[in-house]
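As they're listed, the protein sequences go chains A and B.
Under our numbering, the first residue of the first sequence is numbered 1, with each subsequent residue one higher.
Under our numbering, the first residue of the second sequence is numbered 250, with each subsequent residue one higher.
Among the hints, erroneous ones may be present.
Unchecked claim - In silico contact screen, one side only, chain A against chain B (beta carbon under 7 angstroms); selected entries:
id, residue
1, Lys-66
2, Ile-71
3, Ser-97
4, Arg-100
5, Arg-101
6, Phe-106
7, Tyr-112
8, Ile-114
9, Phe-116
10, Leu-117
11, Asp-121
12, Leu-126
13, Met-128
14, Leu-129
15, Asp-185
If you are wondering where the hints come from, they were derived from the structure by calculation, not from laboratory data.
We treat Cβ as the ideally placed atom computed from N, Cα and C, and that holds for glycine.
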Amino acid sequence: MSITLLPPSASAAEPGSGILVQGLRKVYGQGQTAVEALKQVDMVVGPGEVVGLVGPSGSGKSTLLKCLGAIIEPTAGRMVLGGKVLYDQAWASRDLSALRRDHIGFVFQAPYLIPFLDVTDNVALLPMLAGMPNAAARRRALELLTELDMAHRAQAAPSQLSGGEQQRVSIARALANRPAVILADEPTAPLDSERALGVMRLLGRMARQSQAAVIVVTHDEKIIPTFQRLYHIRDGRTVEEAGQGRSLD
Amino acid sequence: MISLAGRDILHSWRKFLLTGIGLGLLIGVTFSMAGVYRGMVDDAQALLSNSGADLWVVQQGTQGPYAESSSLRDDLVHGIEGMPGVALAANVTYFNMQVRRGDSEVRAMVVGIEPGKPGSPSHLVAGRPLSRSHYEALADVRTGFALGDRIRLRRHDYEVVGLTRRMVSSGGDPMVFIPLKDAQQAQFLKDNDAIVNERARSAANPAFNRPGVPGLLEAVVASQTSSHQVNAVLVQVREGFAPAQVAEPIRRWKHLQVYDRAGMEEILVAKLIATSAKQIGMFLVILSIVSAAIVAFIIYTMTMGKIREIAVLKLIGTRNSTIASMILQQALGLGLIGFFVGKLAATLWAPIFPKYVLLLPRDALTGLGVVLLICALASTLAIRIAIKVDPAEAIGG
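So here's chain A without its partners, still in its complex pose:
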């Protein structure tokens, strides 16, 4: 695999959409015990683009994911999501739950569907939490499930689905509130090659359709060649490289 280092600004993404991260830092602790987990993170991911984020253990991937996901507060830097400043030395809003709900979609290593809600309500829950009426939220959920070829399992309980089906529902859930960015944490780790590529194909298609920027944190060698761009994180710094961008279609 050839690696071409590119500066962040070389991305095709417009700063007004997708996600823009500039000079992000995160320091845990204070004084002599302080640990600088992120030193200089710069990323640009355009709408509809799927990029990979790779790095060895302890490089700061999880910390970056938590900062991008508005779970922990960075120490410094700037994040712009979908043209809105999410963080600029401080969060744009104190209500981080609402920030996550309205701007960020999550896809986990395991689907982590809510076991007591059926497939439709697992997807519809986010729009409902955002204040959408139940009927409209369920219509939105059904649209996404139809897109993901899961409409026939709309009334099923998560426990009745296969692993692949559950992952598709979790992708639908991540897209339900039309987020600016989708953060996927090892979404293909438990899957075989064929299914892993299937999930990536789906993520790519849905990202293009919904114009969401997708950042996939992964160690999975099977899917790394599918990214057009990769961010390597090493010692708290991101380095962009061109990926192979192998077509999945």
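For this one, chain A is given, so just place chain B on it according to the hints.
Just chain B now, kept in the frame of chain A:
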């Protein structure tokens, strides 16, 4: 917005229902304890109501005839009958005894009455009132006696001619009514051997057996073998007179203690059953604490089993208040199931209790409030834990 709590309950309704039933049985015990106390109070009030008296005249300086022993001469009733404002006055005796019934015994309060006067049962559920002056009895249905049965009291047999219901002592023992003269004999007279011994003792006493006083020994012996004692005189006041107005002259001129209905109720409820009430109160407090601990433990366990789901919910943007509300609703749901199961259980097993268990609707309503309050308080521990759950747990690392 869908009810997350409702969906979770529906998803694992068997576990929830079984837990609720377990809690409900505990709540049922709590209701029964409260019912036992209410039953005791009701027994005391029934005792007073069924006597048909407005005033209880007892030995001076005593709180008789139910809380303390009281002994009066039976001829005092005639003087009381002549007091202003007295409509009816009647002697009564009360004593508890073990009454044989077949091969077993039943504890009963034997009441000596003058038929048709205060102290007599106001209504019968079967049979007829006492019509002969000896050897007839009225028995409460809880004694287990039926019409025509024979009851052995001391030296005599009594035929059950009528049955009463809810005629019980303040201790909950069912009553057996017999004619006053028989009751006086049964209560105060000694057995034959004791009478023979007493006669010999009197004959050997020079004070009673004086050669110069013929008939003295016979008179003393006669007084020993007859009883003219009663425990109380029950008084009905004439219309237009207040009980206090009638009580005062009796107290003043007859040198007797007189209680009106309120005074007697105070003795029975506030004094006689006060210790039992405190005992039951302690049980209620302990049961409430145990119930709270159980609810807290159940809700805590249920919440700990959903930590991952809670982390995911928080990560995707669910507010803490929504999650807290879900846990609170589940705790209240558990409390509601527990309440209904407890109420049903207490209602079903109340008749099996040997003593009267009175389940009042207002106690049930209070119980519902207390159960919901306990559940709400018990859920706070689980809510605290849920609020502290880090959304990052959903993504690991």
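### Message
Hint Tyr-112/A vs chain B: min CB-CB distance below 7 angstroms?
### Response
holds, 5 angstroms
### Task
Against chain B, run the beta carbon of Asp-185/A and see if the smallest gap drops under 7 angstroms.
holds, 5 angstroms
### Query
Was the hint right that Arg-100/A lines chain B, CB cutoff 7 angstroms?
holds, 5 angstroms
#### Entry: Hint status (Cβ of Leu-117/A to nearest Cβ of chain B, threshold 7 angstroms)
holds, 6 angstroms
### Query
Does Arg-101/A pass the interface hint, meaning its C-beta sits closer than 7 angstroms to a C-beta of chain B?
holds, 2 angstroms
### Task
Let me know if the C-beta of Phe-116/A comes in closer than 7 angstroms to any C-beta of chain B, holds or violated.
This hint holds: Phe-116/A lies near chain B, its Cβ roughly 3 angstroms from the closest one there, short of 7 angstroms.
#### Entry: Asp-121/A as chain B interface residue, shortest Cβ-Cβ below 7 angstroms
Since the shortest Cβ distance to chain B is 6 angstroms, the answer is holds.
### Query
Hey, does the Ile-114/A contact hint survive, CB to chain B under 7 angstroms?
Since chain B brings a Cβ to about 6 angstroms from Ile-114/A, closer than 7 angstroms, the hint holds.
### Task
Report holds or violated for the interface hint on Met-128/A, using the least CB-CB distance to chain B and a cut-off of 7 angstroms.
Holds, because the Cβ-Cβ distance from Met-128/A to chain B comes to roughly 5 angstroms (cut-off 7 angstroms).
### Query
Can we keep the Ile-71/A interface hint, with Cβ of chain B closer than 7 angstroms?
Hint holds; Ile-71/A Cβ to chain B Cβ min 5 angstroms, cut 7 angstroms.
### Task
With chain B as the partner, please determine if Phe-106/A meets the hint condition of a C-beta pair closer than 7 angstroms.
holds, 6 angstroms
### Message
Checking hints one by one. Is Ser-97/A an interface residue toward chain B, by the C-beta closer than 7 angstroms rule?
### Response
holds, 5 angstroms
This entry satisfies every hint, going by the numbered hints stated previously.
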